[in-house]
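J.: Take these sequences, add in the hints, and give me the full structure.
Given next are the chains, with one letter for each unit.
Number of protein chains: 2
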Amino acid sequence: MNEDDLIARFFAPLAGPGGLGLKDDVALLTPPPGRDLVVTADALVAGVHFFSHDPPDAIAAKALRVNLSDLAAKGATPLGFLLSLALPREAGEAWLEVFAQGLGADARTYGCPLLGGDTVKTPGPLTLSITALGTVEPGRAPLRTAARAGDWLYVSGTIGDAALGLQLRLGKGPSLSPSLRDFLLERYLRPQPRLALSPALAHARAAMDVSDGLAGDLAKMLRASGVGGVLDLREVPFSDAARAWFAQDAGGIEIAATGGDDYEVLAAVPPEQAAAFEAAATVPVTRIGAVGEGTFEVLDLSGAPARFARGAYSHF
Amino acid sequence: MNEDDLIARFFAPLAGPGGLGLKDDVALLTPPPGRDLVVTADALVAGVHFFSHDPPDAIAAKALRVNLSDLAAKGATPLGFLLSLALPREAGEAWLEVFAQGLGADARTYGCPLLGGDTVKTPGPLTLSITALGTVEPGRAPLRTAARAGDWLYVSGTIGDAALGLQLRLGKGPSLSPSLRDFLLERYLRPQPRLALSPALAHARAAMDVSDGLAGDLAKMLRASGVGGVLDLREVPFSDAARAWFAQDAGGIEIAATGGDDYEVLAAVPPEQAAAFEAAATVPVTRIGAVGEGTFEVLDLSGAPARFARGAYSHF
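As given, the protein sequences belong to chains A and B, one line each in that order. Residue numbering for the first sequence follows numbering that gives the first Met the number 0, starting at 0 and increasing by one per position. Residue numbering for the second sequence follows numbering that gives the first Met the number 0, starting at 0 and increasing by one per position.
Hints are computed from structural coordinates only; laboratory data are not their basis.
Here are the simulated lysine to aspartate or glutamate pairs, DMTMM-like style, with alpha carbons at most 25 Å apart:
hint, chain 1, residue 1, chain 2, residue 2
1, B, K22, A, E136
2, B, K120, A, D56
3, B, K219, A, E2
4, B, K219, A, E92
5, B, K219, B, E296
T.: Right, here's the structure in full:
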């Protein structure tokens, strides 16, 4: 099966308006008038960002959703995406069929059609790069650099589930009931991009998605904004599964607070906008503190300064 | 050096307007009013699309230029690009410094600034994916599917040099003078995107860049347009170096006509637009025939039907 046949069979059916049926080397779009473009790219490598034997549809979903999560954190509406896929020999037609099904299902669910991309072979691990495009009302995207002292800090959903799920995948962690285990495993395998939060984020001053651990990502946002603050882990929303873990293994809190793959949204909201933000939020959001001046500090579940070995997960 | 430090040191200096200093997860652009967006993505893998020991600046240039070539073939003006970079351990700071220099030099030369991207590590070969954005006057991009019988076919520059250069890299080919060798090697190493041809392409009906060999790419364009034609190799522009090769090794013509990496532009131009197209072209363009009906045929240098082993280079 050559590249053109592969594209025609597996990916052309997913092409949206502007994708030209994947028959050209480009996508052609008329940008919605009066909107700004938001563009983001994320790469995933088998064995680094996911397990190579993960279900192909879950790999596809993760690759798209980590990008949608970046759009969500800017309050953007998805427009479409391009996929660059470097395929090892072992990813054959059966693999591609399930991968494309998963990709197509997500593209429909999130209203983000395939616009183009490239498919090449690699002697190395499966490597995916997705570039997602979205639109936002001009001037309304909450940037990472815009937090100000006094803003209230919010986070969506619950924190740390995916990082704990990864530990379970690695054979680590305490004994948990099957349903709690499955919850954590699924949170690792299939992130949920918080696009439903986009309208609420028009009320935020700064925001980013939490992909490299809450402690480290909050530190990044505060540093980029030239401000400080306190992350009090007693205020952070944790799932029942995470709390069950902490009850048996106190070290779980560090994994949850500094591990990656949450794909929740962290937002700094001016206090006078907080009611509007909370009212517009259609997914759970929790106030976890406020932006301050000076340094950044993390308090553990006892209220004492946390002594974590690492600040944020870093790829290097 | 963690990911943030790496981005701040090597890539943030290349960020253009909208790139937010690479301090956010996204780029934010106000699309030029009254223009359509052209978006394209191409991936390159070390050992597949380039030699891993190629100069890092040449690798950067190739990764960007193959995308700019796609924009050029649609008559587009570059807006910017995102880079996903999967780095093996051996690509250290010295490598990155030269890579970023090459990328920055090209970004300036072609007016296509860095807008964002992602940097991850890989246990496999160096893998790059670039998504390039450009703009074009609405309705004026010449699509691959739009050629009509009677259109004249043009190609820019000379054909086959890069494919012959690759043969030289592989230790093959006849004995050539150092200057002819160097010319072919450089044509392989550093493609020249034909952005200067963009204004002329407003007069074309269909166009694509020649990346997988002229014979195969022309066949693709004609098939996608539902038309046929003849590629008479006696009409195709070949460089002095290619002709010197053919004089010693007649098999060179097949490599030149079916090999890849030309990054020239192939265009189908209505005859009544041909004079305007030629007048607007600021790089050499050569008329190589006309679009016909029915089948597609290649004639060799003797005027007989060519018997080539392969139609187009395919990655699968």
